[in-house]
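Novice: Read off the chains here:
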Amino acid sequence: MSPLISFFTSIDPRQKTGVPLKVQLSEIDRQMRVPVIMFLCFAVLWLQIGTFFAMVSSIKLHNPEFLGDLSWLTFGRTRSAHLNSVAYGWANNAVFGVGLWIMARLCKVTVRHAGILITAGIFWNIGVAAGVFGILSGGMTSIEWLEMPMQVAPLLALSYAMIGVWGVIMFRYRALGHVYVSQWYILGGLFWFPWIYMIAQVMILWVPARGTVQAITNWWFAHNVLGLWYTPMGLAAIYYFLPKVLGRPIHSYYLSVLGFWSLALFYNWAGVHHLIGGPIPVWLISAGIVASVMMVIPAIVTAINHHMTAVGNARAVWCSPTLRFIVFGAMSYTFASLFGSAMALRDINVVTHFSQFTVGHAHHGAYAFFTMVMFGSVYFMVPRLLKREWPSAALIKVHFWGTAIGIGIMLFALHIGGWIQGEMWNELKDGAPVYSNLDVSQALVKWFLSRSFAGILLTIGHVAFLVNFVWMLAGGKSTRYKEGPTLIGDKEGSTL
Amino acid sequence: MLAFSWTGLILSSVIQYGSLQPVTEFVNHPQSEEQITGAFIELDLDNDGKKESFVPGVNQPGEQTFPQPISGLAQQGKEVYQNMGCLYCHSQQVRRKGFGADFERGWGDRQTVPRDYILQGRVLLGTSRTGPDLMAVGQRQPSWEWHYLHLYNPRITANPTRDPNKPDSIMPPFRFLFKVQKIGDAPSPDALKIPDNFPEDKAPEGYEIVPTDEGRALVAYLLSLKLNYELPESRFSE
Numbered sequence: 001m002s003p004l005i006s007f008f009t010s011i012d013p014r015q016k017t018g019v020p021l022k023v024q025l026s027e028i029d030r031q032m033r034v035p036v037i038m039f040l041c042f043a044v045l046w047l048q049i050g051t052f053f054a055m056v057s058s059i060k061l062h063n064p065e066f067l068g069d070l071s072w073l074t075f076g077r078t079r080s081a082h083l084n085s086v087a088y089g090w091a092n093n094a095v096f097g098v099g100l101w102i103m104a105r106l107c108k109v110t111v112r113h114a115g116i117l118i119t120a121g122i123f124w125n126i127g128v129a130a131g132v133f134g135i136l137s138g139g140m141t142s143i144e145w146l147e148m149p150m151q152v153a154p155l156l157a158l159s160y161a162m163i164g165v166w167g168v169i170m171f172r173y174r175a176l177g178h179v180y181v182s183q184w185y186i187l188g189g190l191f192w193f194p195w196i197y198m199i200a201q202v203m204i205l206w207v208p209a210r211g212t213v214q215a216i217t218n219w220w221f222a223h224n225v226l227g228l229w230y231t232p233m234g235l236a237a238i239y240y241f242l243p244k245v246l247g248r249p250i251h252s253y254y255l256s257v258l259g260f261w262s263l264a265l266f267y268n269w270a271g272v273h274h275l276i277g278g279p280i281p282v283w284l285i286s287a288g289i290v291a292s293v294m295m296v297i298p299a300i301v302t303a304i305n306h307h308m309t310a311v312g313n314a315r316a317v318w319c320s321p322t323l324r325f326i327v328f329g330a331m332s333y334t335f336a337s338l339f340g341s342a343m344a345l346r347d348i349n350v351v352t353h354f355s356q357f358t359v360g361h362a363h364h365g366a367y368a369f370f371t372m373v374m375f376g377s378v379y380f381m382v383p384r385l386l387k388r389e390w391p392s393a394a395l396i397k398v399h400f401w402g403t404a405i406g407i408g409i410m411l412f413a414l415h416i417g418g419w420i421q422g423e424m425w426n427e428l429k430d431g432a433p434v435y436s437n438l439d440v441s442q443a444l445v446k447w448f449l450s451r452s453f454a455g456i457l458l459t460i461g462h463v464a465f466l467v468n469f470v471w472m473l474a475g476g477k478s479t480r481y482k483e484g485p486t487l488i489g490d491k492e493g494s495t496l
Numbered sequence: 001m002l003a004f005s006w007t008g009l010i011l012s013s014v015i016q017y018g019s020l021q022p023v024t025e026f027v028n029h030p031q032s033e034e035q036i037t038g039a040f041i042e043l044d045l046d047n048d049g050k051k052e053s054f055v056p057g058v059n060q061p062g063e064q065t066f067p068q069p070i071s072g073l074a075q076q077g078k079e080v081y082q083n084m085g086c087l088y089c090h091s092q093q094v095r096r097k098g099f100g101a102d103f104e105r106g107w108g109d110r111q112t113v114p115r116d117y118i119l120q121g122r123v124l125l126g127t128s129r130t131g132p133d134l135m136a137v138g139q140r141q142p143s144w145e146w147h148y149l150h151l152y153n154p155r156i157t158a159n160p161t162r163d164p165n166k167p168d169s170i171m172p173p174f175r176f177l178f179k180v181q182k183i184g185d186a187p188s189p190d191a192l193k194i195p196d197n198f199p200e201d202k203a204p205e206g207y208e209i210v211p212t213d214e215g216r217a218l219v220a221y222l223l224s225l226k227l228n229y230e231l232p233e234s235r236f237s238e
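Heads up: the sequence lines are chains E and Y, in that order.
By our numbering, the letter at position 125 of the first sequence is numbered 125, and the numbering carries on one by one without gaps.
By our numbering, the letter at position 87 of the second sequence is numbered 87, and the numbering carries on one by one without gaps.
Please keep in mind that the hints were generated in silico from the structure rather than gathered at the bench.
Here a beta-carbon is modelled for each residue, glycine too, at the ideal position from N, C-alpha and C.
You may find that some hints are simply not true.
Stated by the list, open to error - Below, simulated BS3-like cross-link-like pairs (lysine-lysine); rule was C-alpha separation at most 25 Å, straight line:
| id | chain 1 | residue 1 | chain 2 | residue 2 |
| --- | --- | --- | --- | --- |
| 1 | E | 429 | Y | 166 |
| 2 | Y | 97 | E | 429 |
| 3 | Y | 97 | E | 446 |
| 4 | Y | 202 | Y | 179 |
To be verified - Selected chain Y positions facing chain E (in silico; Cβ < 10 Å):
| id | residue |
| --- | --- |
| 5 | 144 |
| 6 | 173 |
| 7 | 183 |
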């Protein structure tokens, strides 16, 4: 047998048949331990780096002289360093860890040659680090969501290809039988992400399209990376953990099918709503608005399905760290989606388009939904991968309340402040603007201050998460495994 | 599914307007609409009493076309604009009259259309207006000196009297685009004239503050941003 064929044979991740399910899952967890824990370590690290840049950017908005003489830390660079750290560092590493782990468990297959996965993961993170360094040192592209210098793109694309392929291999060799909804979402995301990333790189940076076609490509990418990469991975995690922890099946198979296909059908047309009023053909904008409004369907369908699964289990949701974060995330998905559909309407968009409302909406989806779901997933996975329990329930509570209240205040400040900003830009009296440019910027200051305050709470939550995570890795309280999982509330009704 | 939307949104746009060209003033001339006869435009452009015929859309030798390419220095300044991330607070697009107040704010005399951007290597439309739109900032603020002071410390131009009751700018300073140097035989022509209200920004006695090459290029770029020409598909006041 040639080496190539024997390599492909050795990839075959199927397990021996006739082994009890619990043994199979335990074997999968064992084989996935090193790569998944590695991705989660990178994710947690990038979360802290991203939070640091977020705080610097946020303070700069109300205090422009803060670190004002450092060209590396000018606002445009720090906010981009923040975005790229949390998107490609935190979120992508979390997706790789959580998504591949769920895929392995649902397919009942393991990863052979985990070394390739680990190597690719390390190169992915080298690429992200080089990209963030490039942004700070003056190589930023000023293409939203693709700020990293174009030179890192081949490295990221290649690393991704070597990571994403494992999910596809797992699906190819899955145990026979029913394919669960989480598997569709993960498989979809694994194919969608490389396709949008490479097209956007080529058509904007390598062989730039002419004129505003670049902007259309930019928003086709930037919206899809949220909607067809982070969103399906977040939904896959909700669909996996919600029934898993509650021990009851998902409410409706048919609703989950409808939710998946309506997302796949409508989301990818919606991105052009970021160009409403802009210099592109109007029919494209109309198509984008229609698709954005149609996104109400997957949002409502998914909301009903999740709600009907969780309903009546409030106590369990409250006690389980996983479910507390995940239900918060699932509810945020519904609201963020409905807000997004409303924001695409021309009458609302004319106010919100260039304002902080959009920034608030981005955090609504990327943080209150996606990131919270990933936090919940990590709380479920790590004990099973390390055979230990979380050392501190108190730190989990600090994490939850810091992030939940923090993001709540932040969304309130940015949505209200952004709406006021948009109205002030637009308000006319006798054909003349009522407020000067400076009036508008000045009116934002108090909302920016509220956002920095929210940022402090989020930072506290993230640091608590980091401490608990490192403590767990270091083996704290490892004997607790026999006593059962770490809960953050008791059945009798503790309040926090 | 994704290929479908890519075809629909992006490929169709490339087909629809990927081959737009700059147009000459002949086509662009306000009288041209009334005077199109057949496939020709008849105009008396050199005022010699005789009308000449032109083919619409075909550029005449030696004639200016619009939009115009920017100068080499301005192109370098655009690189600075990009790598500093100016785009994250300043857009470069004017929405049509009646949709927002872009027109009333003096951000441009007409809405911008795809043809305005065809010569730009990278299109920087922007999606945020923490500050004003810059599509025509070169017309609104045509002074080099104003831009230098504004970049050095935005508070100088926003609130020159430092009146605490007046709104102030929240733009970050870009002092790293300037350098302090010893005054030579004579002060440099582009040395900053910091007003007396901002003593902490002044250079020490015998020194002057001048823009670096990057700072000069950035201002050249900002001054190149103009919307002072009409296009067949977008006239002033539209």
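Novice: Hints first: check each against the structure and report whether it holds.
Specialist: Here is what the structure says about each hint:
no.: 1; hint: E:429 <-> Y:166; result: 21 Å, holds
no.: 2; hint: Y:97 <-> E:429; result: 15 Å, holds
no.: 3; hint: Y:97 <-> E:446; result: 31 Å, violated
no.: 4; hint: Y:202 <-> Y:179; result: 12 Å, holds
no.: 5; hint: 144; result: 21 Å, violated
no.: 6; hint: 173; result: 5 Å, holds
no.: 7; hint: 183; result: 22 Å, violated
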